[in-house]
Amino acid sequence: MSYPIKYDQSISEKEDFWRIEAQKINWFTFPETILSTDGDDLYRWYAGGKMNTSYLALDVHVEQGRGEQLALIYDSPVTGVKKQYTYSELLYEVSLFAGVLKSQGVAKGDRIVIYMPMVPEAVIGMLACARIGAVHSVVFGGFAAHELAIRINDARPKYILMASGGKEIDKIIPYKPIVDAAIKEAYFKPDGCIVLQRDFIPCNMEHDFDLDWETLVSKATPATYEIMDACDPLYILYTSGTTGAPKGIVRDNGGHAVALNSSMEYVYDADPGNVFWAASDIGWVVGHSYIVYGPLIRGCTTILFEGKPIRTPDAGTFWRVIEEYKVNTFFTAPTAIRAIKKEDFEGELFHKYDLSSLKYLFLAGERTDVATYEWASEMLKRPVIDHWWQTESGYPMLANLAGVGLIPVKPGSAGKPMFGFDIRILSPDHDFMPPNQEGAVVIKLPLPPGCLPGLWNDNDRFVSSYLTEFPGYYFSGDGGYRDDDGYIYITGRMDDVINVAGHRLSTSEMEEIVAGHYAVAECAVVGCHDDMKGQLPVGFVVLKHSYDTQSNQIALELVAKVRDTIGAVAAFKTVYFVERLPKTRSGKILRKIIRAIADNVPYQVPSTIEDMTVLAELKWVLGKR
Numbered sequence: 001m002s003y004p005i006k007y008d009q010s011i012s013e014k015e016d017f018w019r020i021e022a023q024k025i026n027w028f029t030f031p032e033t034i035l036s037t038d039g040d041d042l043y044r045w046y047a048g049g050k051m052n053t054s055y056l057a058l059d060v061h062v063e064q065g066r067g068e069q070l071a072l073i074y075d076s077p078v079t080g081v082k083k084q085y086t087y088s089e090l091l092y093e094v095s096l097f098a099g100v101l102k103s104q105g106v107a108k109g110d111r112i113v114i115y116m117p118m119v120p121e122a123v124i125g126m127l128a129c130a131r132i133g134a135v136h137s138v139v140f141g142g143f144a145a146h147e148l149a150i151r152i153n154d155a156r157p158k159y160i161l162m163a164s165g166g167k168e169i170d171k172i173i174p175y176k177p178i179v180d181a182a183i184k185e186a187y188f189k190p191d192g193c194i195v196l197q198r199d200f201i202p203c204n205m206e207h208d209f210d211l212d213w214e215t216l217v218s219k220a221t222p223a224t225y226e227i228m229d230a231c232d233p234l235y236i237l238y239t240s241g242t243t244g245a246p247k248g249i250v251r252d253n254g255g256h257a258v259a260l261n262s263s264m265e266y267v268y269d270a271d272p273g274n275v276f277w278a279a280s281d282i283g284w285v286v287g288h289s290y291i292v293y294g295p296l297i298r299g300c301t302t303i304l305f306e307g308k309p310i311r312t313p314d315a316g317t318f319w320r321v322i323e324e325y326k327v328n329t330f331f332t333a334p335t336a337i338r339a340i341k342k343e344d345f346e347g348e349l350f351h352k353y354d355l356s357s358l359k360y361l362f363l364a365g366e367r368t369d370v371a372t373y374e375w376a377s378e379m380l381k382r383p384v385i386d387h388w389w390q391t392e393s394g395y396p397m398l399a400n401l402a403g404v405g406l407i408p409v410k411p412g413s414a415g416k417p418m419f420g421f422d423i424r425i426l427s428p429d430h431d432f433m434p435p436n437q438e439g440a441v442v443i444k445l446p447l448p449p450g451c452l453p454g455l456w457n458d459n460d461r462f463v464s465s466y467l468t469e470f471p472g473y474y475f476s477g478d479g480g481y482r483d484d485d486g487y488i489y490i491t492g493r494m495d496d497v498i499n500v501a502g503h504r505l506s507t508s509e510m511e512e513i514v515a516g517h518y519a520v521a522e523c524a525v526v527g528c529h530d531d532m533k534g535q536l537p538v539g540f541v542v543l544k545h546s547y548d549t550q551s552n553q554i555a556l557e558l559v560a561k562v563r564d565t566i567g568a569v570a571a572f573k574t575v576y577f578v579e580r581l582p583k584t585r586s587g588k589i590l591r592k593i594i595r596a597i598a599d600n601v602p603y604q605v606p607s608t609i610e611d612m613t614v615l616a617e618l619k620w621v622l623g624k625r
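So for the sequence shown, this note's numbering puts the first residue at 1; every next one is plus one.
Worth flagging that the hints you see were computed from the coordinates, not collected in a lab.
For glycine and all other residues, C-beta sits at the position ideal for the given N, C-alpha and C.
Careful, some of the hints might be misleading.
[Said to hold, decoys possible] Have a look at the derived ranges for each label pair, beta carbon to beta carbon:
#: 1; residue 1: 411; residue 2: 545; range: 23 to 29 Å
#: 2; residue 1: 493; residue 2: 212; range: 52 to 58 Å
#: 3; residue 1: 314; residue 2: 207; range: 40 to 46 Å
#: 4; residue 1: 468; residue 2: 377; range: 38 to 44 Å
#: 5; residue 1: 36; residue 2: 177; range: 42 to 48 Å
#: 6; residue 1: 356; residue 2: 89; range: 35 to 41 Å
#: 7; residue 1: 493; residue 2: 601; range: 16 to 22 Å
#: 8; residue 1: 204; residue 2: 89; range: 28 to 34 Å
#: 9; residue 1: 177; residue 2: 410; range: 47 to 53 Å
#: 10; residue 1: 273; residue 2: 469; range: 51 to 57 Å
#: 11; residue 1: 170; residue 2: 48; range: 48 to 54 Å
#: 12; residue 1: 6; residue 2: 354; range: 47 to 53 Å
#: 13; residue 1: 48; residue 2: 4; range: 51 to 57 Å
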């Protein structure tokens, strides 16, 4: 069935569509009700259906005779450790740790916070929680104690699963002092910490609540799965904005499993037995959906990579992994590809490896600029697919659906809507925007299965944050437009639109133009305060190494290029050359902080920032001490 027909069916006959998709997973009791509302008049999918996510990810494949297939490959260039688990082996380890949790009194509905680096035990902990019905909340290992304390207070976990430390290139990060400080700060006190000792950084077990992971496992008895209702929560994942308390995004069991299985089939064209690699972190939604749950539910082999795109040991590390494990589908962030491009623009490292197994490269996490897309396409000589989604959605909302049939690529567009997402472009007055005119990107309710059903213990905030500004719709917070062919372009957060002397202009469009220059490795364009015009766009540019001495000429070329493309109205006249841009650990450029530093106004540094020292470098370039 073609994409247009199937998409129209998913919108006009949504219950029938998602009933058929639900039949593709193994239920203990198939839901009689596909779509309903709860007591708060919020939508729910598959209420009354009985299942277990851990069972779908592990037991089913063993029962079907595929227990000897590789389920999980662990590759850690930062520690030099590699390890592999078949589905049978991973099922045993998960069942055993589920027994550990039960022996400590963890019951269905209890919360467990997981604060761990990219190690197999983190995945085992997630699946063990899902097995016994405990709700896991993975907290990215880069968060400081205060941020961890906030999440402890909100989730109220019975236990914290943690490692003694992590390693990033040449830096060792002790986790125990962070967790101890967080527990001390938090007013809610967990019953204990289960600590995985890592050889390169063992920690002292100095508190009564400290329990040794391996000791508990050695005494455990494997535990079977609990019967879960489809609407029972599977996990809580906190967003990490720069303002306000983090939102506890809730994911249910049933809709999540159905949606991820569908996305693996339709978006990623991943069949059982394929090798799927999402180069992300389990602390982010990509890691939840496409390192752990999606590939395993689908019956793929998934890769857990503890490293970086460069310096572990070099910019060829991603290509090494693809060759070594015969990766079929690769998913990473544009910023990772830009980092590789900067270090190995001519592809000297790239051409050392055999990538014949690779079918697709998928990019998401932030907008894929045309220059990065074109470089990756030229190098790989196979489809490079931009797609767009959020923590809140849990899986792609826009994509070029490889499993249905690829459509022609339009660089700069994230493709067309995934099945079930009725995406509209609205004006601030709630009018439908005509083609090629930018507005707010919204999704007509109900959201399809797998999207957040609410926020943890805060449905009022869920409604006010997402459902109030455009009644009847979910507001994504992003701006964008639809072209004449139905392709959707995400231009960035709505606050990326600046007002220059009464003219509304998109900094993302200017950024696209700047990024396309032959000498530019990476860039950000932000709207900075101007007494005369209100705001003016300012470019912050990282040059490729070989062009460092030509910055004056390049600045003139960039200004001229924006003027020639957009016109004088863009008023793009200022370019700063920097060694690097401030980013989160997931690779997102912190444009708000760049703007705040440029405007010399107060700002809050997010706990997810990759390197604080870059802010001082930026201030020095701007002459702001």
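Given the range 40 to 46 Å, decide if the beta-carbon distance of residue 314 to residue 207 lies inside it. holds, 41 Å
Holds or violated: the 35 to 41 Å window for the beta-carbon distance between residue 356 and residue 89? The hinted range 35 to 41 Å is violated for residue 356 and residue 89, with Cβ atoms some 28 Å apart.
Is the distance from the Cβ of residue 204 to the Cβ of residue 89 consistent with 28 to 34 Å? holds, 31 Å
For the pair residue 468 and residue 377, does the Cβ-Cβ distance stay inside 38 to 44 Å? At 41 Å between Cβs, range holds.
CB-CB spacing for residue 212 and residue 493 relative to the 52 to 58 Å hint: violated, 44 Å
Between residue 170 and residue 48, does the beta-carbon spacing fit 48 to 54 Å? holds, 53 Å
Can you let me know if the beta-carbon spacing of residue 273 and residue 469 is within 51 to 57 Å? violated, 44 Å
Range hint 23 to 29 Å: satisfied by the CB atoms of residue 411 and residue 545? holds, 25 Å
Range hint compliance [Cβ, residue 493 to residue 601, 16 to 22 Å]: The hint (16 to 22 Å, Cβ to Cβ) holds, given that residue 493 and residue 601 are roughly 18 Å apart.
Can the suggested window of 51 to 57 Å be confirmed for the beta-carbon pair residue 48 and residue 4? violated, 33 Å
Range hint 47 to 53 Å: satisfied by the CB atoms of residue 6 and residue 354? violated, 35 Å
Would you say the C-beta atoms of residue 177 and residue 410 sit inside 47 to 53 Å of each other? holds, 49 Å
The structure is inconsistent with the numbered hints 2, 6, 10, 12, 13, although it conforms to all the rest.
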